[in-house]
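Novice: Sequence:
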Amino acid sequence: MELYSVFSTVMPLLMGFGAKATGSTLVMGLIVGGIVWLALFIFGAFGVFRMAKRMGLKRKWLAFFPIINLVYVGKIAGEFHVFGQKMKRCGLYAMIAQIFTTALCACLLVSQIYLYFVEGAPVYDAEIGESIWHNLSGLSLKMYKFYELSYTLFYFVELIYQILLILLLNGLYRKYAPRNYFIFLILAFLIPPARYIVTFALSGKKPIDYEAYMRARREAYIRQQQQYYGGGYGSPYNRPYGNPNGTPYNNPYNQPPRPQEPEEPFSEFGGKKQGDPFEEFEDKKPHDTNNPDEFFD
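Under this note's numbering, the sequence shown has 344 at position 274, and the numbering climbs by one with no breaks.
Incorrect hints may have been included.
With a cut-off of at most 30 Å between alpha-carbon atoms, the simulated BS3-like pairs for lysine-lysine come out as follows [what the hints assert, rightly or not]: (1) 130 to 156; (2) 156 to 123; (3) 276 to 156; (4) 145 to 158; (5) 212 to 123; (6) 145 to 128; (7) 90 to 275; (8) 158 to 123; (9) 276 to 158; (10) 275 to 123; (11) 276 to 123; (12) 275 to 128; (13) 158 to 275; (14) 128 to 156; (15) 212 to 90; (16) 276 to 130; (17) 145 to 275; (18) 145 to 130; (19) 123 to 145; (20) 275 to 156.
To be clear, the hints were calculated from the coordinates, so they are not data collected in a lab.
Take these sequences, add in the hints, and give me the full structure.
Specialist: Right, dumping it as structure tokens:
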């Protein structure tokens, strides 16, 4: 979730400024991360509120409440299709997933802070390649097992939450930024708190029907192709060879027309005529040759 993402970003910054890995540092990181997250959330809540107001939704003030905020995002996004499947209650499902994610995140942080205060910082184990606590007993051992369980469940449930959230934001961004929605999705996936800023930035735009928008674009493309190709069987170069005297491409170099051969004055009395109905019955073998074998040389 976004709060834990901010917390995970703040902690390395605090350690970089000389803070030691203690329980107090974790609490400080949680407070600073919470303040940053709250500011971003309020920023995004104003965006959701503006969108809801434009659409005439009731109880717009609920947009400022965490978790419930996602239900309003779902109402604003409306119904949309994903891989041919209609999504109706994606906001509700995302809210439920966020509840479980938040609960597991709280368990993870509480157990971690307890271990830091009581047992100190974990020690890096080169064999397994991570930092762990050694020689735990009693309540500390139980808290450590609780921490490991919370850690495993948290990332599993958060994965479900992230998938539902991306689907939800996909419907929202398509409605308010059909041309650039994929870029915003990538940004929200890589930097989860960025979705609050994107939501606020898009709240001033007028929503559109994405399906109608894509249908109009397809029709415009078809009309453009028909105009360019001149119909179903037209030439792709505006019929360049349909010009007089065989001058292709409208004669861009002003070349003189090719001279035509003079018409045969006695053509009506001899020779073959185009479309002669008896042409197929004519003998096509050569006649009057001095050497009958020259055709086989």
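Novice: Does each hint hold? Answer for all of them.
Specialist: Checked hints:
| no. | hint | verdict |
| --- | --- | --- |
| 1 | 130 to 156 | holds (25 Å) |
| 2 | 156 to 123 | holds (25 Å) |
| 3 | 276 to 156 | holds (23 Å) |
| 4 | 145 to 158 | holds (9 Å) |
| 5 | 212 to 123 | violated (49 Å) |
| 6 | 145 to 128 | holds (11 Å) |
| 7 | 90 to 275 | violated (46 Å) |
| 8 | 158 to 123 | holds (21 Å) |
| 9 | 276 to 158 | holds (21 Å) |
| 10 | 275 to 123 | holds (12 Å) |
| 11 | 276 to 123 | holds (12 Å) |
| 12 | 275 to 128 | holds (20 Å) |
| 13 | 158 to 275 | holds (23 Å) |
| 14 | 128 to 156 | holds (24 Å) |
| 15 | 212 to 90 | holds (25 Å) |
| 16 | 276 to 130 | holds (18 Å) |
| 17 | 145 to 275 | holds (17 Å) |
| 18 | 145 to 130 | holds (11 Å) |
| 19 | 123 to 145 | holds (12 Å) |
| 20 | 275 to 156 | holds (24 Å) |
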